[in-house]
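J.: Given chain Z's structure and the hints, the job is docking chain C onto it.
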Amino acid sequence: MKLKNSKLLLRLILEKIPTVFWILIVMVVYFSVSSTNFMTLDNAINLSRQGAILLILSLGVVVVKITGGMDLSNGAVMSLCGMLMAWSMVNLHIPISLAILVSILIGILLGTLNGIFVTFLGIPSFIATLGTQGIAVGLSLGLNNGKVIGGLPKLFSEIGNGEFLNIPLPLWISVFVFILTTLILNQTPLGVYVYALGGNEEALKLSGKPAWFYKILAYSYSGMTAGIAACILTSRNMAAQPTVGSGMEFEAFAGVVLGGSFIAGKGTAFGAVLGALFILLLRNGLNILGIPTYLQLAIFGTVLIVAIVLSTLVERRVQSMRDEERE
Amino acid sequence: MGPKNNLTDANMAKPELNSEKRSIGKYFSQFSRIGALLLLCIGISLLNQNFIKVSNLINVLRQAAPQIIISFGMTIVFLTGGIDLSIGSVVTLTSIISGYFLTQTALPWWCAILGAVLMGAFSGFITGQLISFVKLPPAVASYGMLWVGKGIAFAIMGASPFFSFADEFRFLGRGYFLKIPMPIWIVLAIALMLGWFLKYTTLGRCFFAIGANPRAARASGIKVSKTLVSAYMMSGMLAAIGGVILAARLNAVDQDLGASFLLPAIASPVMGGTSMAGGQGGVAGTIIGSLIMIVVTNGMNLLGISSLWQQLVTGVVVVLSVWLDVVMRKRN
Chain Z
-13 MKLKNSKLLL
-3 RLILEKIPTV
7 FWILIVMVVY
17 FSVSSTNFMT
27 LDNAINLSRQ
37 GAILLILSLG
47 VVVVKITGGM
57 DLSNGAVMSL
67 CGMLMAWSMV
77 NLHIPISLAI
87 LVSILIGILL
97 GTLNGIFVTF
107 LGIPSFIATL
117 GTQGIAVGLS
127 LGLNNGKVIG
137 GLPKLFSEIG
147 NGEFLNIPLP
157 LWISVFVFIL
167 TTLILNQTPL
177 GVYVYALGGN
187 EEALKLSGKP
197 AWFYKILAYS
207 YSGMTAGIAA
217 CILTSRNMAA
227 QPTVGSGMEF
237 EAFAGVVLGG
247 SFIAGKGTAF
257 GAVLGALFIL
267 LLRNGLNILG
277 IPTYLQLAIF
287 GTVLIVAIVL
297 STLVERRVQS
307 MRDEERE
Chain C
19 MGPKNNLTDA
29 NMAKPELNSE
39 KRSIGKYFSQ
49 FSRIGALLLL
59 CIGISLLNQN
69 FIKVSNLINV
79 LRQAAPQIII
89 SFGMTIVFLT
99 GGIDLSIGSV
109 VTLTSIISGY
119 FLTQTALPWW
129 CAILGAVLMG
139 AFSGFITGQL
149 ISFVKLPPAV
159 ASYGMLWVGK
169 GIAFAIMGAS
179 PFFSFADEFR
189 FLGRGYFLKI
199 PMPIWIVLAI
209 ALMLGWFLKY
219 TTLGRCFFAI
229 GANPRAARAS
239 GIKVSKTLVS
249 AYMMSGMLAA
259 IGGVILAARL
269 NAVDQDLGAS
279 FLLPAIASPV
289 MGGTSMAGGQ
299 GGVAGTIIGS
309 LIMIVVTNGM
319 NLLGISSLWQ
329 QLVTGVVVVL
339 SVWLDVVMRK
349 RN
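In order, the protein sequences belong to chains Z and C. Heads up: the first sequence at position 178 corresponds to 164 in the numbering used here, and the numbers run straight through without jumps. Count along the second sequence starting at 1, add 18, and that's the number in the numbering used here.
Looking at chain Z on its own, in the form it has when it is part of the complex:
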């Protein structure tokens, strides 16, 4: 009896807390032992400014991942949103608030395009979003002949560098997006449908719900988060660079998978945040340890693959434990 209880406890721990949480703790301990600069307030604030972009992107990606799709376009979409935003501020002299709106709308537009590719054209999500990635990269390179757009209004830098109640503004924005995502996923019918899309799309269709509509909404949401992230990124750099987002889609995707979204119908906003934190801390820790950039990418990729494999194995162990209990 006692043995059974402890097994149940082990399963609940493994099931409820994503594996990445434990890896995260090990990593924090390792980095703070090996460098005194890691556990400092400066580093934490700096990290939250940099990290907000990835956090926001991940919160969009997780919604798509729950429906069973992959969004590989959002790095490029983010670049394009930033380019169009900066371009319209510099050339059309539109106010900052309108520029923010432009960025978010372009994000939603491209996300919806992804959704249409996936639902109406029936293209597998990773190819549809790779196609959109190509389209977005082409557009953002072509817009200003591959050059950076600078000379943005001074006030614009507040979004990325400003503070409210001593806490950086990007952090507020990401907390807001986190709460929004959690509310949508957990408290609204829409959230139920998103999980149903991943769990059993056929059942959702048979119950008379417009499954295609919810799927498009999921991709639009991911596009929207790319638009929001673009505002912060462009403001932090005070310039829009056409290829600034390339590679971000991988970090966001990897973070979401590590955060517990291995298969369709699984994943939470909280898990996505944990995954994104893991990736941020890994990158930050490697920087502080003074490992050269060209080696970082190799370590990064390998650690990620190992972490994903590890988490998958844990997931499978949990599954078999659950089966045992049922017997």
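Quick caveat, the hints were computed from the structure, so don't treat them as lab data. For each residue, glycine too, the CB sits at the ideal point set by N, CA and C. Take the hints with a grain of salt, since some may be wrong.
[Unchecked claim] Only pairs whose alpha carbons sit at most 20 Å apart, straight line, appear in this in silico EDC-like list of lysine to aspartate or glutamate:
1) C:Lys197 with C:Glu186
2) C:Lys153 with Z:Asp309
3) Z:Lys252 with Z:Glu187
4) C:Lys197 with C:Asp185
5) Z:Lys133 with C:Asp274
6) Z:Lys252 with Z:Glu301
7) Z:Lys(-7) with Z:Glu311
8) Z:Lys252 with Z:Glu188
9) C:Lys348 with Z:Glu188
10) C:Lys153 with Z:Glu301
11) Z:Lys252 with Z:Asp309
12) Z:Lys(-7) with Z:Asp309
[Stated by the list, open to error] If you want the ones that stay clear, here's a sample from chain Z, every Cβ over 10 Å from chain C, calculated:
13) Ile9
14) Ser74
15) Pro81
16) Ala189
17) Val304
[To be verified] Stretch by stretch, here's where chain C covers chain Z in the computed footprint (C-beta under 8 Å, at least three residues):
18) 124 to 136
19) 272 to 285
T.: For chain C alone, coordinates are given in the frame of chain Z:
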């Protein structure tokens, strides 16, 4: 020995039956692809006479060679019903390895090719293991390997690119044999070998069988995991050969060499009639598909469209071609 052979024979019959039934439609669609390619060529040569010049056409073919070979790898993976997103970064990684062998070591030039091909096979081996034993979806596993490959390529290269290789090595990309560039000979040789391999060997037929119906394949005694791993290994090796030819032609390698090959490598087999759902297609179609892609790019260059916009066109072409594949599949 006997019963096992019988099983694979029975299983081999299935895709062949399929193709026999729709043979007229199949030939028609193959001709329509050649027709599309010809129409494209005629259209571009009407807009710019330089296109039809022999020197430009040979140049187009030489440029197309690495892409055709890389797309062969994707074709094999598509036949099994999977996808290999790591193909572009394997091209980068293997070309950088051959560059490293050629410039940083005193080994003979063929060691560079051997090293590159072995690395390609190893990378494909890992991807295949992740897919068939860890049971990750092909897109996720190969997408992870994309970044691992990129990272290792960065780590090997350090800060500066490798350039100026041995003449024997460069001959593979720049040389001529009977007045025809070497890359074209290599493509021909590989295409013939692969065509034979896919049609007449057990392993080749197993690729089709797994793609058409994995459960039936397993039930009829095919070792699905091992076959899948060998499909991804072949894909990695072909990407490596493409990378070697590319390095030999450019006489330099850097970390951005391969990334742009991924989207065309997805589009080419699909346009050539290889279904992404698996079990259908072949090498000949992929050549036509790749040629369509390369003619579009070459045409855009001749018409003076900035290369910055070309990614956009590639993206649109990929989406459209995959959509066509989906539509055709539904109709069948």
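J.: Broken hints, numbered, in rising order?
T.: Those not satisfied: there are none.
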